[in-house]
Amino acid sequence: MGRTALTAHAMIVAIGTLASVVAATAAPYVPADDAKVLERLPDRQAPQYRDLKRLQAAAAAAPNDVRAATALAYAHYRISRIEGDPRFLGYAQAALTPWWRDPEAPTAVLVMRATILQSNHEFLRARSDLDKAIAREPRNVRAILLRATVLTVEGKYDEARLDCGRLQGLTPEINVVACLASVDSVTGKAQPARAALVRSLAAMPDATPDARAWIESLLGEIAQRQGDPTAEAHFRAALAADSRDLYTLGAYADWLLDGNRAADVIPLLQGEQRVDALLIRLALAQKALQRPEAESSVATLRARFDASRARGDTVHRREEARFQLALDGNPKAALRLALENWNVQREPADLRILAEAARATGDSRAQETVREWLTATGLEYPAVEALAKPDRAGAR
Amino acid sequence: MKGLPAALLMVVAMVLHGAALAHKPSDSYLTLDVDDDRIEGRWDIALRDLDFALGLDVNQDGAITWGELKAKHAEIAGYALSRLTLGPPQSPCVTVVREQLVDDHSDGAYAVLRFTATCAAAPKVLTVGYRLFFELDPQHRGLLNLSSRGVTRAGILSVDAPVQQFVLAELSLREQFADYLKEGVLHIWTGFDHILFLLSLLLPAVLVRSTASGEAWASAPSFKAAFWDVFKVVTAFTLAHSITLSLAALGVVSLPSRLVESAIAASVVLAALNNVRPIVYAGRWIIAFCFGLIHGFGFASVLADLGLPQKSLLLALVAFNVGVELGQLAIVAVFLPCAFALRKTLLYRRGVLVGGSLAVAAIATFWLIERAFDVKFMR
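Chains as they are written, first to last, in this note's numbering: chain A, 1 to 396; chain B, 1 to 379.
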């Protein structure tokens with residue numbers, strides 16, 4: 001009875017932010033020419049979209065069918081990764097609608113739901129689904145791998161290593177090696193991790209391009225942290241296997257930026273401006289080269305972060321911290337974001353932006369946090385170590 | 001690689017490839033400008049989202065042209081407006097798209113719908129019901145920017161909060177006081193359970209217990225005596241329900257509403273039966289006080305439904321309470337002279353006091369059963 005409570009959480013949003021989001025656009029217009037192209041869509045002839053069409057039809061024909069629904073959700077999820085478009089995460093969630101809020105959903109749904117949740121950085125909820133799935137099916141490889149990955153991202157390396165061990169004998173050796181290498185490479189065993197990955201890659205000459213791109217990119221990142229110039233060859237090999245692997249593009253761009261090779265970044269990332277994380281790197285390169293386009297890239301990024309804040313998202317704090325620090329001249333905001341981000345995820349890149357922001361603001365407590373993490377985990381990352389050295393605090 | 005499920009390695013690869021590459025998710029931007037009973041709206045909806053819902057790229061060449069968009073204008077207008085409700089759900093404002101344009105946002109091109117909504121009355125509180133794309137993309141959000149009389153508010157409409165209310169008219173303190181006062185008066189006048197409880201306790205006030213055998217009642221000796229009896233009962237009732245109304249409205253105490261409503265019905269039954277078979281006479285003010293505590297909780301739930309202004313909580317509380325008392329006094333002011341005039345008649349003693357009380361007890365018993373067992377007999 002009565003009226004619903006007057007607007008609960010939504011009113012907290014700063015009106016200014018939203019107003020600026022709408023104001024950031026030019027005035028709406030009526031195009032003069034029918035042939036004018038307003039928007040370009042991803043190539044719908046690509047195999048992932050053909051798969052999608054088939055699976056959509058199958059799911060529509062069999063509503064409430066777990067197999068059809070999870071297959072469709074997975075197809076959407078896959079496209080979200082390939083295109084870097086979070087819309088497809090929403091579509092994937094929609095495919096699981098009958099079970100989305102069901103704590104006792106079928107195991108396949110739990111694993112798929114966890115996959116979507118971790119993409120939105122909801123690691124706790126993702127793990128609780130995975131715990132349940134693994135309790136029901138202790139040999140569910142996908143669930144174990146995913147949990148190991150989530151734990152690694154959260155920096156819970158001991159538990160992650162246990163999960164990698166559980167995979168022994170359940171899945172081809174390469175998965176176990178990759179799982180362990182992901183943990184080892186950030187806990188003081190970078191060299192053995194690299195060796196194991198190289199061996200595995202050599203043992204599978206007919207690896208799919210996806211798999212090759214992934215392992216080469218993993219190798220490239222480890223080498224990059226170690227400051228080893230072979231990183232370049234690994235990144236190139238990864239891109240040779242899959243030229244549009246967004247993650248590798250980002251990691252390679254970082255390598256080039258660190259080596260003062262901004263000019264090489266521009267052709268690499270031209271055409272990927274839709275992806276925030278890549279647009280940041282492009283803008284950094286443009287700025288380093290003093291290109292006039294830098295300004296519009298920064299404006300676009302600012303508008304996107306404003307929009308994301310207006311909708312109440314906190315998923316992109318790592319990127320936003322980098323943006324605030326390196327492009328928008330706001331180190332204090334960068335440090336706040338980097339710390340908030342660090343509370344949620346603890347990959348080397350998260351540590352690096354924290355160290356950079358701490359150094360820029362001379363925040364000795366944040367630097368202490370970085371040093372403690374390096375000591376506790378044994379992470380080999382000389383560039384970050386240098387940033388966190390106490391005697392350099394405040395210098396700049 | 002032999003035996004390796006292709007998709008499996010992909011899962012690992014994708015997951016391990018970090019989670020933070022996403023670009024902007026799906027949002028629409030809804031701007032509403034309320035002017036009396038008319039709302040001017042602008043709604044920016046991403047072409048990518050419309051394409052997924054309605055298939056804009058008819059020739060499948062991976063590009064959406066203005067021509068393709070134009071051909072879908074009617075469909076877009078129908079699709080979008082059927083997923084937006086402005087105004088009270090029973091009689092929503094009538095919305096018509098005036099024109100459709102295009103705008104570029106930071107993440108691509110958007111269709112811009114300009115529309116006008118005409119409402120039955122100028123809304124004080126605007127209800128916005130938003131359902132666009134939720135069934136396709138539960139992570140979609142509608143970002144609302146609402147302005148009225150120079151005041152702007154923002155809201156996020158999501159699958160978890162698709163219907164929201166926005167208070168448009170910022171009333172002055174005096175207007176607020178008057179508003180809540182009126183609500184208090186209306187509530188006591190339309191809340192029959194409170195009136196019947198009070199009247200049941202007041203009916204015997206113009207009488208006194210008879211000492212003569214065979215007669216239960218004698219007339220009250222003077223208007224003054226009757227008045228003081230009424231005064232005691234009304235004051236006790238007022239005091240009691242003011243206490244619990246305040247405690248509940250301020251969030252100090254809360255009781256489940258089913259329990260409260262049932263107890264209120266029970267209090268009416270008891271008060272009425274006490275007139276048929278008098279057990280308590282002089283101490284009726286005590287009954288009024290004890291059950292008044294329960295009635296206060298009932299008033300509080302009404303106040304909660306009205307929505308309490310956080311900034312002027314106390315003001316609203318006092319105004320509502322004063323309204324309840326004024327409404328109550330008005331009833332007493334009509335009741336007492338009439339009852340006093342009729343007190344010697346058989347109509348009053350048998351018809352009103354006994355017959356009326358029996359009828360009240362019967363009605364209240366119905367309420368009690370309905371409320372206690374959560375069933376409905378009468379509409």
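Worth flagging that the hints you see were computed from the coordinates, not collected in a lab.
Remember, predicted model here, so these are calculated numbers, not experimental data.
Check the hints yourself; a few may be wrong.
[Said to hold, decoys possible] The list that follows gives simulated cross-link-like pairs (lysine-lysine, DSBU-like), each with its CA atoms no further than 35 Å apart:
#1 A:53 - B:182
#2 B:124 - A:53
#3 A:36 - B:182
#4 B:232 - A:36
[Said to hold, decoys possible] Not the full set, but computed from the structure, chain B residues with beta-carbon under 7 Å of chain A:
#5 54
#6 57
#7 58
#8 62
#9 63
#10 66
#11 67
#12 71
#13 73
#14 74
#15 112
#16 139
#17 141
#18 143
#19 147
We treat Cβ as the ideally placed atom computed from N, Cα and C, and that holds for glycine.
Okay, which hints does this one fail, numbers in order? 1, 2, 3, 4, 5, 7, 12, 13, 14 and 19
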